[in-house]
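Colleague: If you read the sequences in order, they're chains A and P. With our numbering applied, the first sequence closes on residue 119, and no number is skipped along the way. With our numbering applied, the second sequence closes on residue 1251, and no number is skipped along the way.
Simulated from the structure, these hints should not be mistaken for laboratory data. Fair warning: this is a prediction, and the values are worked out from it, not measured in the lab. All C-beta atoms in this analysis are idealised placements derived from N, C-alpha and C, irrespective of residue type, glycine included. One or more hints might be untrue.
Stated by the list, open to error - To be clear about the criterion: a stretch of chain A counts as covered by chain P if any three or more of its residues have a C-beta under 8 Å from a C-beta of chain P, and this derived list gives those stretches:
#: 1; segment: 12 to 18
#: 2; segment: 98 to 105
To be verified - Straight-line alpha carbon distances no greater than 27 Å define the calculated DSSO-like cross-link-like pairs of lysine-lysine that follow:
#: 3; chain 1: A; residue 1: K24; chain 2: P; residue 2: K1075
#: 4; chain 1: A; residue 1: K23; chain 2: P; residue 2: K1075
#: 5; chain 1: P; residue 1: K1145; chain 2: P; residue 2: K1229
#: 6; chain 1: P; residue 1: K1071; chain 2: A; residue 2: K24
#: 7; chain 1: P; residue 1: K1109; chain 2: P; residue 2: K1128
#: 8; chain 1: A; residue 1: K42; chain 2: A; residue 2: K118
#: 9; chain 1: P; residue 1: K1020; chain 2: P; residue 2: K1196
#: 10; chain 1: P; residue 1: K1236; chain 2: P; residue 2: K1145
#: 11; chain 1: P; residue 1: K1075; chain 2: A; residue 2: K112
#: 12; chain 1: A; residue 1: K23; chain 2: P; residue 2: K1068
#: 13; chain 1: P; residue 1: K1236; chain 2: P; residue 2: K1184
#: 14; chain 1: A; residue 1: K55; chain 2: P; residue 2: K1037
#: 15; chain 1: P; residue 1: K1128; chain 2: A; residue 2: K23
#: 16; chain 1: A; residue 1: K112; chain 2: P; residue 2: K1071
#: 17; chain 1: A; residue 1: K23; chain 2: P; residue 2: K1056
#: 18; chain 1: A; residue 1: K23; chain 2: P; residue 2: K1069
#: 19; chain 1: P; residue 1: K1066; chain 2: A; residue 2: K24
#: 20; chain 1: P; residue 1: K1066; chain 2: A; residue 2: K23
#: 21; chain 1: P; residue 1: K1056; chain 2: A; residue 2: K30
#: 22; chain 1: A; residue 1: K24; chain 2: P; residue 2: K1069
#: 23; chain 1: A; residue 1: K112; chain 2: P; residue 2: K1145
#: 24; chain 1: A; residue 1: K24; chain 2: P; residue 2: K1056
#: 25; chain 1: A; residue 1: K24; chain 2: A; residue 2: K119
The primary structure of each chain is shown beneath.
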Amino acid sequence: MQTILVVDDELHIADLLDEFLTKKGFQVIKCNGGREALNVIKSDKPIDLMLLDSKMPDVDGLTVLEEMDRIRSKIPTIILTGSIDWKIRHEQSRNVRTVLIKPLILDELLDKINEILKK
Amino acid sequence: MLDDNNQARETLERNLSELKQTQDMLIQSEKLASLGKLVADMAHEVNNPLMIISGKAQLSLMEELKNKKIKENLKVIVEQCERTKDIIQRLLTFSKPSKGALTEIDINKSLEDAIKLIEHQYSLANVKIIKNYMSSPPAIKIDEKQMQEVFMNLLKNSSDAMPKGGTITVSTCKETNNIRIDFKDTGEGISEENIKKLFEPFFTTKEKGTGLGLSVCYGIIKAHNGELKYESKPGKGTTATILLPIRGGKT
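Chain P extracted, bound-state conformation:
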């Protein structure tokens, strides 16, 4: 009788915890959707004035300018407009990712390409990458260029979380109707409070981060009808998980 009660209590607690998790995810998803709309509307409104500022500066640069300082200042204006344009395009990828070219790919190969690229671009000093891939993964149709951006972003984040070095375990497996990809690091971990804000545009804990990387990743994975989630405990590392439907490509 006591055993039955204990078992019932455990089941109830587990169900409640799952319910709370689903509720948190729904709240987060709704919050990000409304943020996305705001961002998209704002981006549309900002592009035209930005075009006017940049264009007028470029026209002024075509004049005979004797004052070198003015010339330099105008060049900076044009450069900074280009920088703002880039931020806006990244915000739009978060709120409404474009439908690029879908190709059938081998997920293991795609991960390998991303790892090679990131090893080439950043020196992953003291970071060891362990690969644990499933054999013969089912082919899935994705926008490979966008997915590479996601993989590289997650790998870079894992690496940044381990300034003194560590390991990143990249694994792939089949989970019901999805391909599951995990990036598990041995870094410093993320607090519960920060995990809730990870996908929000401009949220960053890095000194030089824009806070757009994971927002863009979130948008791309959503557009593939997939899921991106983080699990972490401070001091115990972080796992970023991507679920991609095997059938049912991009929206």
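Isolated chain A, as found in the complex:
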């Protein structure tokens, strides 16, 4: 079973992504902030893909990506953001495979996830 790390400070969003992905047969690890996510990433748990929110109060998406670069983590990441402006900034990061604008159509998200995991 493939594992997806879901990082979003909005509990309802993290919960609904968890519910959706579990339904689709993935194992989900939920984090409610960037700091918690970095702890999971550094713990060497096997993670196949990460869904990362861009704007979070403790440690934001960009900082998580920078730290991942620093520790040479290679988890493919999908950024979930509210604005195109963030989209451009995130696209420059090595681990980012795509950037999706909220609100998402969940089936489109699933297609992207499967596409990335197949590669």
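Based on these hints, arrange chain P on the given structure of chain A.
Modeller: Leaving out everything else, chain P in the frame of chain A:
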């Protein structure tokens, strides 16, 4: 002596009028900048609750729903969330346009493409487009996709202003360090009061307009370090003018 006095008065009146125009533009620009900030902050705050509403509705749709009415209602919720998402993204383009891909383009060709597209999308019945392009325009670096959106918006507005038909003259020329593009229509014109509000988000005089088209155009042109302005008199048509710096692309 009398001639000298008259000349001095005319110069003074002209200077005062220019000063008033500059002052009006500054006030408008400041007003739009603060509106832009408000809009950007609001958009960020709205996206998450919108994601929750849409996401929960989509999850509910994945359940075995026997009640068809509930199913239909949930579909409408998802559709309307997508519609709101689109409005928000357009508002963000007004307040903080994204930096897309800049390419070197021939402005005449880009206008031609926009005209072809608009002729394809809308039937411009009784509207004649007259082209008055400069020869060998200097190449400029712009986000062509965004600029096409601006051209199409201005052309559509000109066409909408002439329900009984008329002409749109599209012209390009070099003006100091800028490329100047004019869209001059023979439509009903815009009142002085409405001209001041043209770029404000949600301002519209159309029955079915969202009032975002020109706000988005304004944002895009500003991001290219350019200028978008309107000149009009009721009953005497309208001219929309874009100035784009030849050197000095997007911020």
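Colleague: Decide, hint by hint, whether the structure agrees.
Modeller: Evaluated hints:
Requiring three or more residues with a Cβ within less than 8 Å of a Cβ of chain P, the coverage given for the segment 12 to 18 of chain A holds, as 4 such residues are present. Only residues whose C-beta sits within less than 8 Å of a C-beta in chain P count toward coverage, and the segment 98 to 105 of chain A has 5 of them, enough to reach three; the restraint holds. For the proposed pair K24/A and K1075/P, the alpha carbon gap of about 20 Å is at most 27 Å, so the pair holds. Annotation: proposed proximity of K23/A to K1075/P holds, straight-line Cα distance about 20 Å (limit 27 Å).
For the hint pairing K1145/P with K1229/P, the CA-to-CA distance comes to about 21 Å; that is within 27 Å, so the pair holds. For the given pair, K1071/P sits about 21 Å from K24/A by alpha-carbon distance, which is consistent with the 27 Å threshold. Using a Cα cut-off of 27 Å, the hinted pair K1109/P and K1128/P holds, with the two alpha carbons roughly 19 Å apart. A distance of roughly 24 Å separates the Cα atoms of K42/A and K118/A; the hinted pair therefore holds under the 27 Å criterion.
For a cut-off of 27 Å, the pair hint linking K1020/P to K1196/P stands: about 13 Å separates their Cα positions. With a CA separation close to 32 Å, the supplied pair K1236/P and K1145/P exceeds the 27 Å bound. For the hint linking K1075/P to K112/A, the alpha-carbon distance of about 22 Å falls within 27 Å, and the restraint holds. Under the criterion of a C-alpha separation no larger than 27 Å, the hint pairing K23/A with K1068/P is consistent with the structure, at around 23 Å.
Pair hint K1236/P plus K1184/P holds up; C-alpha atoms about 10 Å apart against a cutoff of 27 Å. A distance of roughly 17 Å separates the Cα atoms of K55/A and K1037/P; the hinted pair therefore holds under the 27 Å criterion. About 57 Å separates the Cα atoms of K1128/P and K23/A, which puts this hinted pair outside 27 Å; it is violated. Only pairs whose Cα atoms come within 27 Å are accepted, and K112/A paired with K1071/P is accepted, the gap being roughly 26 Å.
Between K23/A and K1056/P the CA atoms are separated by roughly 14 Å; this keeps the pair inside 27 Å, and the hint holds. Between the alpha carbons of K23/A and K1069/P the distance comes to roughly 24 Å, so the proposed pair stays at or under 27 Å and holds. For the proposed pair K1066/P and K24/A, the alpha carbon gap of about 22 Å is at most 27 Å, so the pair holds. For the proposed pair K1066/P and K23/A, the alpha carbon gap of about 20 Å is at most 27 Å, so the pair holds.
Distance check on the hinted pair: K1056/P and K30/A sit about 17 Å apart at the alpha-carbon level, within 27 Å; holds. Distance check on the hinted pair: K24/A and K1069/P sit about 26 Å apart at the alpha-carbon level, within 27 Å; holds. Proposed proximity of K112/A and K1145/P is supported: the alpha carbons are some 25 Å apart, at most 27 Å. Between the alpha carbons of K24/A and K1056/P the distance comes to roughly 16 Å, so the proposed pair stays at or under 27 Å and holds.
Restraint check for K24/A and K119/A: the C-alpha separation of about 19 Å stays at or below 27 Å, so the hint holds.
Of the hints listed earlier, those the structure fails to meet are numbers 10 and 15, in rising order.
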